[in-house]
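Colleague: From first to last, the protein sequence lines stand for chains A and B.
Per my numbering, the first sequence starts with residue 1, numbered consecutively.
Per my numbering, the second sequence starts with residue 1, numbered consecutively.
Simulated from the structure, these hints should not be mistaken for lab results.
The beta-carbon is built from N, C-alpha and C at its ideal position, and this holds for glycine as well.
Watch out, some of these pointers could steer you wrong.
Cβ pair distances, simulated, as ranges [to be verified]:
no.	chain 1	residue 1	chain 2	residue 2	range
1	B	Arg-260	A	Leu-102	20 to 30 Å
2	B	Ala-19	A	Val-129	21 to 31 Å
3	A	Arg-160	B	Gly-95	38 to 48 Å
4	A	Gly-43	B	Ala-8	48 to 58 Å
5	B	Glu-222	A	Thr-219	56 to 66 Å
2 protein chains.
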Amino acid sequence: MDLNQIYAPVSADLIKVDAAIRAVSEVNFPWLAEMLSHSLAVGGKRIRPALTLLSGQFYHYQFEYLMHMATAIELMHTATLIHDDAIDKSDMRRGRYTIYKLWGVDPAILLGDYLFAKAGVESSETRNVRTIRLFSQTLMTISRGELNQAINSFNIHQNRDDYIQRIFGKTASLFFLSTESGAVLSEAPEEKIQTLKDYGHDLGLAFQIVDDILDFIGTEKELGKPAGSDLAQGTLTLPAFLLNERYPQDNPVKRLFEDRKATENIKLAIEQVRNSSIVKECYNVAREYCDNAIRNIKTMPDTSSRQALIDLADFVVQRNR
Amino acid sequence: MDLNQIYAPVSADLIKVDAAIRAVSEVNFPWLAEMLSHSLAVGGKRIRPALTLLSGQFYHYQFEYLMHMATAIELMHTATLIHDDAIDKSDMRRGRYTIYKLWGVDPAILLGDYLFAKAGVESSETRNVRTIRLFSQTLMTISRGELNQAINSFNIHQNRDDYIQRIFGKTASLFFLSTESGAVLSEAPEEKIQTLKDYGHDLGLAFQIVDDILDFIGTEKELGKPAGSDLAQGTLTLPAFLLNERYPQDNPVKRLFEDRKATENIKLAIEQVRNSSIVKECYNVAREYCDNAIRNIKTMPDTSSRQALIDLADFVVQRNR
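Extracted from the complex, chain A is given alone in its bound form (with noise of 0.2 Å):
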């Protein structure tokens, strides 16, 4: 099942998000436009807006808001990668050159600002102050958690909650804001909300898990960057976190993350990991989140938009981009 099949019951209204998304590129600074379109207009999966408007349609389906919060909330999205690509010093995102390549880290810097702004605006207009408030305590959360990730970036010493606790912030948090701000929008009742919001929560550690394992099994053209760009820049991830705790007296992450400049060893570490049974292991985790996430939708009523839920969790663990 591809995207666009399970995106079905949300597809046309899906269309006018992306539409709203691509509108934001329309200014009249001509350099801003361009800075803007080419942050814009490759779409990737847009999985967080569809997760806004399939959370949406269970109770009181109100686009008008729901547009708005999706739109938001893939600005922001946005946004923080711009942010991480020129703290990474990233060249390439999605298959085309980043933000930070083309113009440098100062216009990088400016140009996050900029959609945190636009992207506050939209979810200023949803009118609803609790989804407005959840928007920017989840921009505390995933900055806090970048600022995690920088200063433990190339320390060896992070256990698996540590992890799970970064991607968390990174990942989890923008996924459940996004099914939590659909829930709230539609009037659904608290526990409902919670429903959504733990699938999300569950959704979104998996795709984070399934995004790192990519980054050790991942062709580059998959990936549109480099394979190994998270060892790159001395992030742990659950792949290599594995490698280390089998090998604990020698192995590549461990050469890498003691001798930064040994660079070699990101070669040699994608190899004995796809080489061992850590790949399936972490698939293991990837899934047992995915399933989770599905007995949680499943008490929502029996709707197309909850089969849409349940056949993403499936997706997301198989992707292979």
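Mind docking chain B on chain A? Use the hints.
Modeller: The following block gives chain B in isolation, referenced to the frame of chain A:
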């Protein structure tokens, strides 16, 4: 008259705002707490929070909401300074090392993002969608203005309108957010909201023009950073603009902008401006904006807050730091 005297009508509540701002650094992550505490401990003039409280005193003074907005505005201001310092590679601010200098670009980006988010949460605590939206719109204006400044750095071909537009985005926008949101939260009539907004606009322009003058005539001790910082960044401020306008064939600003390495030209430009009528001319421009601000504010009800805002406009052009 010093600022403490001017702030008298709101001084007790300003202390509470100050405490709320400092409380932002009380977080459970030691490294984050340390960076926040460094950023928020030295308060500066707290002119923006004072504007919000004073503007909120003409009608229905609701400190509970004004406090959140004042805190939000000061946090947004701090966040923009942290990003600015990273972009400008500034080592000093208010006589102390910057976050950029102490921790580097990456933590500066993420700490700024965290404070933008925290500011957003604070603004949502006003529970007033109009002020929440104004808040995010202002951040859009500021970051667009900063982008404009970054793109036009070392560009000598700017006219006076470009300069005014730049300081509108950079400074006036946050000043009139302070006064406008104070007015909105006190349920002022629309016409009076506009009056307070106009006052904030003119005061903000005057404030920035004086800041730009002080960068030429202040001592390093008064400024808390070396004089001539704007020129070093390639930022064409009013004194530099007038010098270039007066000697279009050749002058140290032009030479500096043509050959960025010629740092002796900064010293020459400072000397030439100090020994000319340019300083007086710039003060006249600032004075005009302040007179306009005062004329405007005098149409408000005659209260101690009105007098404070009048005195503040006088202070803004008389200050030496």
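Colleague: For which of the previously enumerated hints does the structure constitute a violation, in increasing order of number?
Modeller: none
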